[in-house]
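A.B. asks: Sequence:
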Amino acid sequence: DLFKTLDEKKIYKVENIKSIDFNTLEEVKFFGKGILTYNSQRIIYMDLNNNILWENQKAEFSNRVLVTDNNVFRQVNNKAIMLDKNNQEYIIAEIEGNIVNVSRENGKTCMIVMGNGQALYIIDENNDLVVDNKKFKDIITGISINDKSQAYALTTLNFEKGIPVNNLYYLVDDVELWSSSIANEILIKTKVVNNNVIVLGTDNLYLYNNNGKLMWKNSIYNKILDYYIAQDQISILFEKDRQNELITYNFEGKVMEIQPVPSETKKLKIVDNKILVHNDNIIYLLHNNKADKIFEDTERLEDLLLDGNNIYILFKNKIIRGQIK
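According to my numbering, the residues represented by the sequence shown are 1399 to 1723, in order.
Calculated directly from the structure, the hints in this document are not laboratory data. Small disclaimer: the values here were computed from a predicted structure and weren't measured. Cβ coordinates follow ideal geometry from the N, Cα and C atoms, glycine included. Treat each hint with caution, since some may be false.
[As the list claims (entries may be wrong)] Using C-beta positions, here's what the derived DEER-type ranges look like:
{"no.": "1", "residue 1": "N1524", "residue 2": "I1656", "range": "24 to 32 Å"}
{"no.": "2", "residue 1": "V1653", "residue 2": "N1476", "range": "44 to 52 Å"}
{"no.": "3", "residue 1": "K1615", "residue 2": "P1658", "range": "20 to 28 Å"}
{"no.": "4", "residue 1": "D1670", "residue 2": "D1545", "range": "15 to 23 Å"}
{"no.": "5", "residue 1": "K1688", "residue 2": "F1459", "range": "44 to 52 Å"}
{"no.": "6", "residue 1": "L1704", "residue 2": "W1452", "range": "24 to 32 Å"}
{"no.": "7", "residue 1": "W1614", "residue 2": "D1545", "range": "35 to 43 Å"}
{"no.": "8", "residue 1": "I1415", "residue 2": "L1575", "range": "45 to 53 Å"}
{"no.": "9", "residue 1": "V1653", "residue 2": "G1515", "range": "36 to 44 Å"}
{"no.": "10", "residue 1": "M1512", "residue 2": "N1679", "range": "22 to 30 Å"}
{"no.": "11", "residue 1": "I1418", "residue 2": "D1630", "range": "35 to 43 Å"}
{"no.": "12", "residue 1": "N1609", "residue 2": "M1512", "range": "27 to 35 Å"}
{"no.": "13", "residue 1": "V1474", "residue 2": "N1447", "range": "30 to 38 Å"}
[Claimed, not checked] List time: in silico DSS-like cross-link candidates among lysine-lysine, alpha-carbon distance up to 25 Å:
{"no.": "14", "residue 1": "K1615", "residue 2": "K1427"}
{"no.": "15", "residue 1": "K1411", "residue 2": "K1456"}
{"no.": "16", "residue 1": "K1672", "residue 2": "K1587"}
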């Protein structure tokens, strides 16, 4: 593989560039192995060559449209409707309130609804509701499904006399196994990996074991721009004065690597062992403690997709494809 043996002396760039224009609706995202563009009434799914695979148009307006990797969620009045990548529709729940967030992890879909308080719904691989309208009085800020069991971690936030107080819960269905409270910072991300619960806050990085014991806590001194949590390590992109830094931790809390990163970058993308950082216009490939500028455009890029050494760069009205060489 090209990226397993990156040449320290070589300067990489995107070559064999091809640009394809397309007509877009209000929003555009990578979806499945193609592109989804949509508004409150119409959804169009295209392949990466701008061929329309299917279209879904409704007379009624959706209150909200949210997209995960392989599913679209529409709220129409009090119904939550799921549309899969084959254009099949399922009514998955009658809800009270508005869908505020949908995420998908380890085959399950989590839906957060705000009404009188906040409610959680979890849909399994068979599109059955396994958690139905579980109420929380505080704001739900994160959820992660265990990749080894039916358990999940969930975080909430409230403010007590102006001080942020986060609660971390570890549950199976409706049963709480354990909980922990974290104050004086905002929790950004929670992820369950290998029966460990990793919690990233604005001031600290935590790891709890499956029984709720805090195994370690590392202080954070700079603003977090982006992050990526893999099966065996945690990568965090930090903002610093002169140049940004990408710091990689292992699951024992030890710093494995510190890489300098161009100061204008804000986003991190790691696929296999390819590490890209970018802002709205420029993409860098990180290797051997270097940052190669591999692509630049005057228009704002929406997202990146990597497949081997092929790269697909999505814009509002076009997609650019090429190879990193």
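A.B. asks: Work down the list of hints and note, for each, if the structure agrees.
C.D. replies: Consistency of the hints with the structure:
The beta-carbon spacing between N1524 and I1656, approximately 44 Å, falls outside the hinted interval of 24 to 32 Å. A hinted range of 44 to 52 Å for the beta carbons of V1653 and N1476 is consistent with their spacing of about 49 Å. Separation of K1615 from P1658 is about 26 Å and conforms to the stated range, judged on CB atoms against 20 to 28 Å. Look at D1670 against D1545: about 18 Å separates their beta carbons, and that is inside 15 to 23 Å.
Range check, K1688 to F1459: about 50 Å between beta-carbon atoms, so the 44 to 52 Å window is met. In this structure, L1704 and W1452 meet the distance hint of 24 to 32 Å, their C-beta atoms being roughly 25 Å apart. Evaluation of the 35 to 43 Å hint for W1614 and D1545 yields a failure: the beta carbon distance comes to about 21 Å. Distance hint check: the CB atoms of I1415 and L1575 are about 51 Å apart, consistent with the given range 45 to 53 Å.
With their beta carbons about 40 Å apart, V1653 and G1515 fall inside the hinted range of 36 to 44 Å. Hint check: M1512 to N1679, Cβ distance near 35 Å, so the stated range 22 to 30 Å is violated. A hinted range of 35 to 43 Å for the beta carbons of I1418 and D1630 is consistent with their spacing of about 37 Å. A beta carbon spacing of about 32 Å between N1609 and M1512 agrees with the range 27 to 35 Å that was offered as a hint.
A hinted range of 30 to 38 Å for the beta carbons of V1474 and N1447 is consistent with their spacing of about 32 Å. Of the pairs offered as hints, the one joining K1615 and K1427 is violated, with about 36 Å between alpha carbons and a cut-off of 25 Å exceeded. Annotation: proposed proximity of K1411 to K1456 is violated, straight-line Cα distance about 43 Å (limit 25 Å). Note on K1672 and K1587: the hinted pairing holds, with a Cα-Cα distance of about 22 Å set against a maximum of 25 Å.
Violated hints for the displayed structure, listed by number in ascending order: 1, 7, 10, 14 and 15.
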